[in-house]
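Colleague: Each chain, letter by letter, is given below.
There are 2 protein chains.
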Amino acid sequence: MKLGIDIMGGDYAPEQTTLGAIAAFRELPASVKLVLIGDREAILSILKREGVDAGSFEIVHAPEVIEMADHPTKAIQQKPNSSIAIGFYLLKEKKIDAFASAGNTGAMLVGSMFSVKSIPGIMRPAISTLVPKENGGWGLILDVGVNADCKPEVLNQFAVLGSLYAQHVLHIQNPKVGLMNIGEEEEKGNLLTKETHQLLKDSKEIHFIGNVEGRDLFNDKADVIVCDGFTGNVMLKLAESFYGLIKKNDLHSEYFDRFNYENYGGTPILGVNSTVIITHGISKAKAIKNMILLSQEVVQVGLSEKIAQAFSKETVA
Amino acid sequence: MKLGIDIMGGDYAPEQTTLGAIAAFRELPASVKLVLIGDREAILSILKREGVDAGSFEIVHAPEVIEMADHPTKAIQQKPNSSIAIGFYLLKEKKIDAFASAGNTGAMLVGSMFSVKSIPGIMRPAISTLVPKENGGWGLILDVGVNADCKPEVLNQFAVLGSLYAQHVLHIQNPKVGLMNIGEEEEKGNLLTKETHQLLKDSKEIHFIGNVEGRDLFNDKADVIVCDGFTGNVMLKLAESFYGLIKKNDLHSEYFDRFNYENYGGTPILGVNSTVIITHGISKAKAIKNMILLSQEVVQVGLSEKIAQAFSKETVA
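So the protein lines, in turn, are chains A and B. Each residue of the first sequence is one higher than the last, beginning at 69 in this note's numbering. Each residue of the second sequence is one higher than the last, beginning at 69 in this note's numbering.
The set of hints was computed from the structure by calculation and includes no laboratory data. Hints may be right or wrong, so weigh each one.
What the hints assert, rightly or not - Ranges between beta-carbon positions, derived for each pair: (1) B:Asp318 with A:Glu161: 48 to 56 Å; (2) B:Ser113 with A:Glu252: 30 to 38 Å; (3) B:Asn242 with A:Ile277: 44 to 52 Å; (4) A:Glu161 with B:Glu255: 29 to 37 Å; (5) B:Asn287 with A:Glu132: 53 to 61 Å; (6) A:Lys272 with B:Asn242: 28 to 36 Å; (7) B:Ser113 with A:Asn287: 35 to 43 Å.
From a predicted model like this one, the values you see are computed outputs, not experimental measurements. Note that the Cβ used here is the ideal one computed from N, Cα and C, for glycine as well.
Extracted from the complex, chain A is given alone in its bound form (with noise of 0.2 Å):
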């Protein structure tokens, strides 16, 4: 298996990023490669500073960089020697298994619907974040932030989606889907979240317990949540304020400090034909590290095949 590691994404690239990706080398089994896609002399250097062999890991040059404040499609075009462009090269070509970066979300979104595409049946593919939950197990929510408008048919197909996502990845059995609403009972709602509301009821593809609120993003009501990209985005956000607040009133617990992103690696991009994993730009070594032991999970548990299984049964069907 070999992971594609883009060196030159995210706030503190190259340094952070080779970083990360010393750290995944020394946890993944021998038969994992790790590509590293950046700037060749800063990632020798780097190497050569830590002591580590430059013959472990495989070298891809490229010499530009997509910056954050870049504009997604116009970069992918004009920067075709860009460590994203050459990693979604190289996983279109399929020389890597996996694509992972810190880097510019919406080139990376747009790298992927460019590159390996999106899965045939898929209208939308998303992104999801885990949840901690209060048990000490983990949820999911999807999606947050790709997505701004959505169809109820959209949000069907994220709650297949974060359904085999939540069994594959986080092994959870029988995932338990919820949509997010802003009432338990089936006629509450709005417009979007009404018709929704009846699509999943009827769905056999997955396990619906109906509506959630707010509330309950943290409690084990559901396993897998279901919103639009707008809301989704809103609550991850809202949420990541209120960790940074805990932090910053100097409160401690075990239970809030499973909210920090650096444990969980970041998401796949679900939908596409292969395996694309971002992350937050913020990310350190210890983010990168686990952004990388992420993707080793998603290929080896087959995440994108078992998807493509679904919807082309779905087609036929």
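Based on these hints, arrange chain B on the given structure of chain A.
Modeller: Same frame as chain A, now just chain B:
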């Protein structure tokens, strides 16, 4: 000034509502008369037990109760002798200057629309919630649940309603208005927020500072945050659950203590032709006392009249 209190509303009525009224009576000036609407025998027996002179209050007997689970519209019609129906009758007849309740929120909304009605020019009344800001002040978010689907013009009105509330009740001069969105840039968002952004930008009635994000709820970027009732309700319940987790994890800080809804007494229904205040069904005496004090303040500053004035100008222009 006469303030009507729904003694039968909420999970702990009539005990805690009456105790709350007693506590408010002790803090309010003699010129403010509290009108207790509910089961006369129950009220008198609590007042007697507490050693409070029943003559300090005006008591209006209401033999029926609208339960929390009752259907709002049906309940208002089928229980004309309920405390809520009688409260709105008194409010419409101007026998009281405000009506406050911890009871069935839907019935309070329907009652407002049937009796005092919305202010001419107002498309949709809204409810807000106070947000404790990190800098020690308070902010406002609206709508938090009445209007699940909103048009841009409705959000534009919420911006005015929220600004007037912030100015006259929170005493914030020239309050900064932010639009809840998923990015700071003007072109970010869903269809609703993109269109709303343009309206707010062109508005001469408010001080618009642009988009805010989920992470900006508690900082001082905006005093008034505008969103549709779906997004606001999800945020409100998420924030409440976070506060619950902090208490459950036995964490303490002065900042988070300010999240306790008991301290701020509910919210006016903004945009109706009188002062109507609602609060949580789980309110105990302290929250009820603060709901009554808030009623007094909202009547005192003439918020409803100020809103009517602002919107009558708008209609002319």
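Colleague: The structure should be examined with respect to each hint, and the outcome stated for every one.
Modeller: Against the structure, the hints:
1. B:Asp318 with A:Glu161: 48 to 56 Å: Check passed, 54 Å falls within 48 to 56 Å.
2. B:Ser113 with A:Glu252: 30 to 38 Å: 36 Å, holds
3. B:Asn242 with A:Ile277: 44 to 52 Å: Holds, since B:Asn242 and A:Ile277 (Cβ atoms, about 47 Å apart) stay within the stated range.
4. A:Glu161 with B:Glu255: 29 to 37 Å: 34 Å, holds
5. B:Asn287 with A:Glu132: 53 to 61 Å: Given a distance of about 36 Å, which is not inside 53 to 61 Å, the answer is violated.
6. A:Lys272 with B:Asn242: 28 to 36 Å: Violated, at about 56 Å.
7. B:Ser113 with A:Asn287: 35 to 43 Å: Between B:Ser113 and A:Asn287, where Cβ atoms are some 40 Å apart, the hint holds.
The earlier numbered hints that this structure contradicts are 5 and 6.
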